[in-house]
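Q: Residue numbers (the numbering used here), protein chains in the order written: chain A, 1 to 144; chain B, 1 to 321.
Watch out, some of these pointers could steer you wrong.
[Claimed, not checked] Taking lysine to any residue pairs in the SDA-like style, the calculated list, with each CA pair at most 20 Å apart, reads:
1. Lys63(A) - Tyr275(B)
2. Lys114(A) - Lys307(B)
3. Lys87(A) - Glu313(B)
4. Lys301(B) - Gln120(A)
5. Lys114(A) - Pro146(B)
6. Lys301(B) - Cys274(B)
7. Lys87(A) - Leu253(B)
8. Lys307(B) - Cys251(B)
9. Lys136(A) - Arg113(A)
10. Lys63(A) - Asn260(B)
Please keep in mind that the hints were generated in silico from the structure rather than gathered at the bench.
Here's the letter readout for the chains.
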Amino acid sequence: MIIISPYAKPLIKGGVNPKTPGVDYWKELIALIDEPIVQVGVEGEEQLVPDFRKNLTMPELKKLIAQCRTWIGIDSFFQHLAWDQGKPGIVLWSVSDPLIFGHPENINLLADRKYLASNQFLWWDYTPHNVDAFVKPEEVIKFL
Amino acid sequence: MQILCSVATRGRYQTTLPLVLSAIINQTRLPDKLVIFDDNDEPQDMRENPMYRHLFAMMDIKGLKWEWLFAEKKGQHHIHQKANTMGYDWVWRCDDDAIPEPNVLEQLCSYIDTTVGAIGGSILTLPHIFDTSKSTGKIKDIDLEPNIQWGNIYVTKEVEHLHCSFLYRAAIHDYNLGLSRVAHREETLFTWGLKQKGYKILAVPNAVTWHFKNPEGGIRSETKQEMFAHDEQIFRNFLQYRDSNIIVLNCGLGDHIVFNSILDSIPNPMVFGCYPEIIPCRSIAEAKSLFGDLDQWNIYKKMDQWKWTDSLENAYKKLYL
Numbered sequence: 001m002i003i004i005s006p007y008a009k010p011l012i013k014g015g016v017n018p019k020t021p022g023v024d025y026w027k028e029l030i031a032l033i034d035e036p037i038v039q040v041g042v043e044g045e046e047q048l049v050p051d052f053r054k055n056l057t058m059p060e061l062k063k064l065i066a067q068c069r070t071w072i073g074i075d076s077f078f079q080h081l082a083w084d085q086g087k088p089g090i091v092l093w094s095v096s097d098p099l100i101f102g103h104p105e106n107i108n109l110l111a112d113r114k115y116l117a118s119n120q121f122l123w124w125d126y127t128p129h130n131v132d133a134f135v136k137p138e139e140v141i142k143f144l
Numbered sequence: 001m002q003i004l005c006s007v008a009t010r011g012r013y014q015t016t017l018p019l020v021l022s023a024i025i026n027q028t029r030l031p032d033k034l035v036i037f038d039d040n041d042e043p044q045d046m047r048e049n050p051m052y053r054h055l056f057a058m059m060d061i062k063g064l065k066w067e068w069l070f071a072e073k074k075g076q077h078h079i080h081q082k083a084n085t086m087g088y089d090w091v092w093r094c095d096d097d098a099i100p101e102p103n104v105l106e107q108l109c110s111y112i113d114t115t116v117g118a119i120g121g122s123i124l125t126l127p128h129i130f131d132t133s134k135s136t137g138k139i140k141d142i143d144l145e146p147n148i149q150w151g152n153i154y155v156t157k158e159v160e161h162l163h164c165s166f167l168y169r170a171a172i173h174d175y176n177l178g179l180s181r182v183a184h185r186e187e188t189l190f191t192w193g194l195k196q197k198g199y200k201i202l203a204v205p206n207a208v209t210w211h212f213k214n215p216e217g218g219i220r221s222e223t224k225q226e227m228f229a230h231d232e233q234i235f236r237n238f239l240q241y242r243d244s245n246i247i248v249l250n251c252g253l254g255d256h257i258v259f260n261s262i263l264d265s266i267p268n269p270m271v272f273g274c275y276p277e278i279i280p281c282r283s284i285a286e287a288k289s290l291f292g293d294l295d296q297w298n299i300y301k302k303m304d305q306w307k308w309t310d311s312l313e314n315a316y317k318k319l320y321l
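Chain A extracted, bound-state conformation (with noise of 0.2 Å):
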């Protein structure tokens, strides 16, 4: 079993967060899988797979995590609580830069280095959402 964590925190303002990819890459990428999924979240976001846990706690995402194989997120609190309980997984990049906040254990792909937003540490809503700034979901499959 693989934890997908697709989104992160929404926008001040509205509107997709750039560290994410968005739906449809997600659906794109999950087609190519072919094990089990389960998918982490809180409540409103959108459903990819049968398998959604919605508003876990700490303790139960923890033991989410020890029971998976490995995991796939973007740029959001999973990646370091995974990093944290020591389990490895794969983390989609695009603006943020996963030189300050990646943890070298995990498998960070990061299509350009072009596409970091040049201020690291404003809020992300001024930020242009880019589905072009993450690794081709083809070639993130290559990792798992």
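We have chain A; now place chain B onto it with these hints.
A: Leaving out everything else, chain B in the frame of chain A:
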């Protein structure tokens, strides 16, 4: 090594400010730049004043770069924080009624090394010169002794706080912008903060500044007692927790998790945060109430200030270890 001299001024155009500027111009070691932060309610263009014109001409002839900036009228702590982050290695802060003898900056500079955070000399207020030879300069004794800078200093002493005018290492510690406009205790909190970050604070001999105390004007020319009481309470709160390492995590869930990995390395932590399920902590609201401004612990602001390119974990280590 680049040194900025900052002078915050209010209500003293025609009294002590020109004396202070003249004393700075005549230092045996000139600063690399002088910035006058004008906090007057009705600021004037002093280039139209003959006396100031001469002072500015002297600066130009001596190669002392200078700038006159109009301040935000929010108090001198805002001014000092601006000077603190202007990109200089050291800042020599001079009050607008404290006249340094010609050797002061040179003498203060002679104590600079990698372990030192701030250096101050005597600040003598006539007609009273205290005997401060027994003053320890320790923060715990602040209510029990005259400030060591109020008297002649005969030997170099490592202390824990300074006041009024001193030379300090820039961009290491922030001024507390949560203080009121009077900024009572701002320099004590600031130098104590440098000390807590591991730097030596020195009170040194042969660096005398004459304080022409004048009830008129001055950057603290507010009389509202509630402002002083507010700032005093913040100061007392810092004193109360002086043996703890105050940690404020006003940031996201993931940031808490990353910070947690270094928590065990920090002695006597007192944590204020947003996610007690990650790290047992007291609330951010309580931290704000106790300590005023929390920006000095804002890891994102710090990383931006440091132009950080290393990991978040290492940024936390830089801030807290």
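Q: State for each hint whether it applies.
A: Now the hints, each set against the structure:
1. Lys63(A) - Tyr275(B): Answer holds: Lys63(A) to Tyr275(B) is near 19 Å, not above 20 Å.
2. Lys114(A) - Lys307(B): Roughly 18 Å between the alpha carbons, so the hint for Lys114(A) and Lys307(B) holds.
3. Lys87(A) - Glu313(B): holds (18 Å)
4. Lys301(B) - Gln120(A): holds (11 Å)
5. Lys114(A) - Pro146(B): Between Lys114(A) and Pro146(B) the Cα gap is close to 58 Å, so the pair fails against 20 Å, i.e. violated.
6. Lys301(B) - Cys274(B): holds (17 Å)
7. Lys87(A) - Leu253(B): Given pair Lys87(A), Leu253(B) holds - Cα atoms ~18 Å apart, limit 20 Å.
8. Lys307(B) - Cys251(B): Distance ~18 Å between Lys307(B) and Cys251(B) Cα, so the pair holds.
9. Lys136(A) - Arg113(A): Measuring from Cα to Cα gives roughly 15 Å; hence the hint holds.
10. Lys63(A) - Asn260(B): Distance ~19 Å between Lys63(A) and Asn260(B) Cα, so the pair holds.
Hint check: a violation occurs at hint 5 only; the rest are consistent with the structure.
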